[in-house]
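**Student:** Line order of the protein sequences matches chains A and B.
62 is the number of the first residue of the first sequence in the numbering used here; add one for each residue after it.
62 is the number of the first residue of the second sequence in the numbering used here; add one for each residue after it.
Hint data in this document are derived by calculation from the structure and do not stem from the laboratory.
Hints may be right or wrong, so weigh each one.
[Unchecked claim] Listed below are the simulated DSS-like cross-link pairs for lysine-lysine, each with C-alpha atoms no more than 30 Å apart in a straight line:
{"hint": "1", "chain 1": "B", "residue 1": "Lys241", "chain 2": "A", "residue 2": "Lys228"}
{"hint": "2", "chain 1": "B", "residue 1": "Lys241", "chain 2": "B", "residue 2": "Lys292"}
{"hint": "3", "chain 1": "B", "residue 1": "Lys280", "chain 2": "B", "residue 2": "Lys292"}
{"hint": "4", "chain 1": "B", "residue 1": "Lys241", "chain 2": "B", "residue 2": "Lys280"}
{"hint": "5", "chain 1": "B", "residue 1": "Lys143", "chain 2": "B", "residue 2": "Lys228"}
{"hint": "6", "chain 1": "A", "residue 1": "Lys292", "chain 2": "A", "residue 2": "Lys241"}
{"hint": "7", "chain 1": "A", "residue 1": "Lys228", "chain 2": "B", "residue 2": "Lys292"}
{"hint": "8", "chain 1": "A", "residue 1": "Lys143", "chain 2": "B", "residue 2": "Lys241"}
{"hint": "9", "chain 1": "B", "residue 1": "Lys143", "chain 2": "A", "residue 2": "Lys241"}
{"hint": "10", "chain 1": "A", "residue 1": "Lys143", "chain 2": "B", "residue 2": "Lys228"}
{"hint": "11", "chain 1": "B", "residue 1": "Lys280", "chain 2": "B", "residue 2": "Lys228"}
{"hint": "12", "chain 1": "A", "residue 1": "Lys292", "chain 2": "A", "residue 2": "Lys280"}
{"hint": "13", "chain 1": "B", "residue 1": "Lys143", "chain 2": "B", "residue 2": "Lys292"}
{"hint": "14", "chain 1": "A", "residue 1": "Lys292", "chain 2": "A", "residue 2": "Lys228"}
{"hint": "15", "chain 1": "B", "residue 1": "Lys143", "chain 2": "B", "residue 2": "Lys241"}
{"hint": "16", "chain 1": "B", "residue 1": "Lys280", "chain 2": "A", "residue 2": "Lys292"}
{"hint": "17", "chain 1": "B", "residue 1": "Lys228", "chain 2": "B", "residue 2": "Lys241"}
[Said to hold, decoys possible] Covered by chain A, according to a simulated footprint, are these stretches of chain B (three or more residues, beta-carbon under 8 Å):
{"hint": "18", "segment": "115–124"}
{"hint": "19", "segment": "155–162"}
{"hint": "20", "segment": "165–172"}
{"hint": "21", "segment": "219–231"}
[To be verified] So these bits of chain A aren't anywhere near chain B, every CB distance computed over 10 Å:
{"hint": "22", "residue": "Pro120"}
{"hint": "23", "residue": "Ser165"}
{"hint": "24", "residue": "Asp289"}
Quick caveat, the model's predicted, so the values are computed rather than measured.
By construction, the Cβ of each residue, glycine as well, lies at the ideal position given by its N, Cα and C atoms.
Protein chains: 2
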Amino acid sequence: MAPALAIANVNATSVTLGGLVQARRNATATPVNPSRWTMRPSDALDEIASIATVERDLPLFREGEHAENVFEVTSGTIRVFKLLPDGRRQIIGFVEAGDFLGLSFNDTYLYTAEAVTTAAVRRFPRRRMETLIDENPIIRRRLLAVTANELLTAQEQMVLLGRKTAKEKLCTFLLSLSRKAARRGLCDTRVSMPMGRADIADYLGLTIETVSRTITCLKTAGLIRLLDGHKIELTDLDTIAEMAEAA
Amino acid sequence: MAPALAIANVNATSVTLGGLVQARRNATATPVNPSRWTMRPSDALDEIASIATVERDLPLFREGEHAENVFEVTSGTIRVFKLLPDGRRQIIGFVEAGDFLGLSFNDTYLYTAEAVTTAAVRRFPRRRMETLIDENPIIRRRLLAVTANELLTAQEQMVLLGRKTAKEKLCTFLLSLSRKAARRGLCDTRVSMPMGRADIADYLGLTIETVSRTITCLKTAGLIRLLDGHKIELTDLDTIAEMAEAA
DNA sequence: CGAAGCCTTGACTACATTCAACAGGCGTGG
DNA sequence: CCACGCCTGTTGAATGTAGTCAAGGCTTCG
Numbered sequence: 062m063a064p065a066l067a068i069a070n071v072n073a074t075s076v077t078l079g080g081l082v083q084a085r086r087n088a089t090a091t092p093v094n095p096s097r098w099t100m101r102p103s104d105a106l107d108e109i110a111s112i113a114t115v116e117r118d119l120p121l122f123r124e125g126e127h128a129e130n131v132f133e134v135t136s137g138t139i140r141v142f143k144l145l146p147d148g149r150r151q152i153i154g155f156v157e158a159g160d161f162l163g164l165s166f167n168d169t170y171l172y173t174a175e176a177v178t179t180a181a182v183r184r185f186p187r188r189r190m191e192t193l194i195d196e197n198p199i200i201r202r203r204l205l206a207v208t209a210n211e212l213l214t215a216q217e218q219m220v221l222l223g224r225k226t227a228k229e230k231l232c233t234f235l236l237s238l239s240r241k242a243a244r245r246g247l248c249d250t251r252v253s254m255p256m257g258r259a260d261i262a263d264y265l266g267l268t269i270e271t272v273s274r275t276i277t278c279l280k281t282a283g284l285i286r287l288l289d290g291h292k293i294e295l296t297d298l299d300t301i302a303e304m305a306e307a308a
Numbered sequence: 062m063a064p065a066l067a068i069a070n071v072n073a074t075s076v077t078l079g080g081l082v083q084a085r086r087n088a089t090a091t092p093v094n095p096s097r098w099t100m101r102p103s104d105a106l107d108e109i110a111s112i113a114t115v116e117r118d119l120p121l122f123r124e125g126e127h128a129e130n131v132f133e134v135t136s137g138t139i140r141v142f143k144l145l146p147d148g149r150r151q152i153i154g155f156v157e158a159g160d161f162l163g164l165s166f167n168d169t170y171l172y173t174a175e176a177v178t179t180a181a182v183r184r185f186p187r188r189r190m191e192t193l194i195d196e197n198p199i200i201r202r203r204l205l206a207v208t209a210n211e212l213l214t215a216q217e218q219m220v221l222l223g224r225k226t227a228k229e230k231l232c233t234f235l236l237s238l239s240r241k242a243a244r245r246g247l248c249d250t251r252v253s254m255p256m257g258r259a260d261i262a263d264y265l266g267l268t269i270e271t272v273s274r275t276i277t278c279l280k281t282a283g284l285i286r287l288l289d290g291h292k293i294e295l296t297d298l299d300t301i302a303e304m305a306e307a308a
């Protein structure tokens, strides 16, 4: 996924606002033509979109803030999480190119979104987004599908968090990385894993130590190999898939 | 919440089909007038609704089945869950009067729905439901709101499952019972808890023993009292609320 | 080269699970 | 009517999985 041009454009004329490096898009001068760089066709959303980048570890928005925008990630990875008062963190999900963020139908954001890697997003004002949803059946169905998919993912994550062992959790996680990669036409056995151990731990409801130990265990069993550059090779995807549902 | 009349009507002319006792509604002869019995005004959904009851412990539908209908619960409680191949169960939620079920936007149901108590539901054919969503902005916004709320609940449940202790889980659960009761105008300190320990355990990601022990602990601490008829008194709601987020 | 951050590993602990026994309620049938 | 079995819930003791605390290795980067 390489909207590199778009990012370059943004950065060239960008203004930093908190964690958000943003550039109001000049619709005529530098029209965004995402279809050249991704599978996604240009759509009615382009009409109301502006683009921006978020630097590593900086927030795109925070839980409780007034929800003014909806976002679509075009490159990079973003972590979405909720915090307990004492600082415990539960990562709800990792959001990547093609995924939407902040579709709360609520006045405030329900979670915090932070960049795992520097990320590029399309930004849509919520007001105009809502109008568009009412008027445009295609956009509507697409967002409905996105939301439904989010619900499905959330429910599967509940099964993972409530009923799976550490090893099953890790294998499920690796499998989902593989599936995501495959869905975007990448190799499903050499996948990128840009998030750190702490992020994985907070996503799977474990500690960094347990994540590390379990990864070592899978490595020793010959199921995976750690590669440079936050990459991981899934040597035995079948066994990983089996272990994802039964220890 | 007493759609007792409606239930009586159904039972009088009902046919059993699996777990589902159903009666095709005769729109002119016995018009459903839910507004007399609940807060909900009659709506466009009435046009395509039929009503049915599900007996205790019987399924309304199963995960993987072709999703032909969408349901709205009008009385009783339904548990929604997913199973792992080896039988481990994660309850996604308890669905009560006013809640919707089976809004999958998918061809098959993503989870199983079983009656905790005998329950009454309104049933809508998915096809006609989809048409209605496209045509009727009011219905659409309502279902969008329902879905968004489901997502919020799911995300909060992830925090619970991934990051809370047994005591915090139980307190959060009790608090949610109280909130639900309050929302429908019932007493928020003497609430009904129709599900058994096994259901609670599978909802909170615990075992029945841990649920039982934790309840005993809360009882000993003077925060709750168990009453007859699956009722529970929340003696100290404030402390319960505190303990829901920090041990 | 040194400092910082991330990851790994080890030893010990603790929370929740497992295994087991038992109590109480309820319906059925003798 | 009581006896019995069944089911649900409670309690106890032992176990185990993952957490906590602590130290050390490795990479990265100034």
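**Student:** Could you tell me which of the hints above the structure violates, numbers in ascending order?
**Tutor:** 1, 7, 16, 18, 19 and 23
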